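**Student:** All chains, full assembly: derive it from the sequences and hints.
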Amino acid sequence: MAGGVASGGSSSAETYKEARNFLLLPAWAVLVIFVLAPVMMMFVYSFLTKEFRGGVIWEFSFAAYDQFFCDRGLFGDEPCSFEWTYIGIFWRSIWQAGLATFFALLIGFPTAYFIATRPPHLRAIWVFLITIPYWVNLLIRTVSMKFLIRDTGPLNEFLLWVGIIESPLGIAYTNTAVQLGLFYSYLPFMVLPIYAAVERYNFALSEAAADLYASKWTTLRLVLLPAVKPGVIAGCILVFVPSLGSFLAPDLLGGARNFMIGSLIDEQFRGSAGNWPFGAAASMILLSMVLLLLMIFARQQSKAEGRG
Amino acid sequence: MKRRNDIKHYTGFLPLTLLCLFILYTPLIVVMVYSFNESTSITTWGGFSLKWYVDVFTGPESAKFKQAAWNSFVIAIAAATTATIIATLAATAIIRGGRFKLRLPSLGLISLPLMVPEIVTAVALLIFYNFIGFSRGMMTILVAHIVFCIPFAYMPIAARMQGIEDTYEQAALDLYATRFEAFTKILLPLMLPGIISGYLLAFIISLDDFIITNFVKGAGVETLPTAIFGSVKQGIRPNIMAISTMLLAVSMLIVTLSYLISKTDKTK
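Top line first, the protein sequences correspond to chains F and H. First residue of the first sequence? That's 1 in my numbering, and the numbers climb one at a time after it. First residue of the second sequence? That's 1 in my numbering, and the numbers climb one at a time after it.
Think of the hints as simulated: they come from the structure by calculation, not from any bench. It should be emphasised that the depicted structure is a prediction, and the values quoted were computed from it without experimental measurement. Errors might be hidden in some of the hints.
In silico DSSO-like links for lysine-lysine, alpha-carbon gap of 30 Å or less [what the hints assert, rightly or not]:
no., chain 1, residue 1, chain 2, residue 2
1, H, K66, H, K233
2, H, K233, H, K51
3, H, K185, F, K17
4, H, K64, H, K51
5, F, K17, H, K101
6, H, K64, H, K217
7, H, K8, F, K216
8, F, K303, H, K101
9, H, K217, H, K233
10, H, K8, F, K229
11, H, K8, H, K263
12, F, K229, F, K303
13, F, K303, H, K8
14, H, K263, F, K229
**Tutor:** What follows is the structure, encoded as structure tokens:
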């Protein structure tokens, strides 16, 4: 029932009932024409033939998906054997986004919990401190990270000066740098939903567990965690999804070997080397993965609410 | 009381929280500090100086950055204004329109730009513009920005409207106000804090966007983020750090403003 509270209270208010279709018209017009229609157009383009100077020829073709999944040898005339290049790039993106999510959870959960257990008037300030960096331009944050971790950058200078390391860490232009960038970019997204969940948590449950001689960590694992699970999953999704399709972190922090889906898609639309139908197909595959994930998440959430 | 605190307390969570804030802020602070560096080399500290800020306004790249900043602000103002109007109307229908079939689909549609990965939206819009034969430029950027600003404007506006009882409007209607008057004279003024914070969030989101803008901008049209990206590709120069610091300050100022406005809400 908890979910109903947010919309239930005022959804009976119907002061502007007669005008509602008219009021919704601009939003529908803009979003249907400039989001739904473009995504459908992208779907259509993924089945067209590529034009060599960028763009498409209007001839139906499976070539884009074929190129994605099939290796047909040097001259393209062999039977389809499995192509690993692009699956590999997708796999690396999933792995990178997954690691970034894992580390964000590791540090985001304690942070969210700590903030949610502060006195109410202090919570808003803590949350505000966590959200500020999110509103700072993502490009600037990524550039800042690049500046910080360069071999001659302040991080290495500092560590050398303290004497923890003998030579620069050399993390710039590696997978680690990309993970760090993703983790840093989306960390606030992990904290906020978990914070919201812990704030709603009834601490009497923890007290009951303590009365029954559960240790603190047992209580955390068996009582608190299951209760705030929807918030944890929401946080993970909010970090994982944008990480998966991110372009700036791999482009600025990674080297040539740290290609992710975003870079692959971007490349298809730059200059004459691009392949629009292939870029459209890769985007469709990414979009399908994300929507599938969101659907599973939505089902989980509604199940959790049904139980609660 | 003591015991309750005990139960909530986990050793090590405070240091991890501080670490979290440290990670979030260090890169930004480092760039801010180095933007005041006297030295031309970005690796060594040469003392405090404002020369890179002067360079941004008068240096060899200043014309490019001024044009880009102008484009960015014009687009952000136009996109935030349009998105806020669309979002306010939609919120009125969704929250004050009773129960109807299109309610959930409308909510889904409005949050769609948040669910679709940015790069996918970018590709889809590029293909769409190409298909209908729009030549790329300021207009194509503006339309794209309006689209992804709508959900950001919608959230605080809808949240605010939900918090306002409809009894005020009902009272106005009982006193022979027309619905239009009830809307403009009662609901809109009450919603103003939500509308302002929606507008400000949409404004920052537009000002900050890089990925979608980079796809749909025409050759030669730059916004601040795309201009910065272009420069960074040739290496991080100190003037870039000065621009970044200024943009950072603008974002922080606007978010703080939005936060303070939404705080006045609760003291109501």
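**Student:** Each of the hints needs a verdict: does it hold here or not?
**Tutor:** These are the hints, each one checked on the structure:
no.	hint	result
1	K66(H) x K233(H)	holds (19 Å)
2	K233(H) x K51(H)	holds (22 Å)
3	K185(H) x K17(F)	holds (18 Å)
4	K64(H) x K51(H)	holds (18 Å)
5	K17(F) x K101(H)	holds (12 Å)
6	K64(H) x K217(H)	holds (15 Å)
7	K8(H) x K216(F)	holds (9 Å)
8	K303(F) x K101(H)	holds (23 Å)
9	K217(H) x K233(H)	holds (18 Å)
10	K8(H) x K229(F)	holds (18 Å)
11	K8(H) x K263(H)	holds (27 Å)
12	K229(F) x K303(F)	holds (12 Å)
13	K303(F) x K8(H)	holds (28 Å)
14	K263(H) x K229(F)	holds (29 Å)
In summary, the structure agrees with every hint in the numbered list given earlier.
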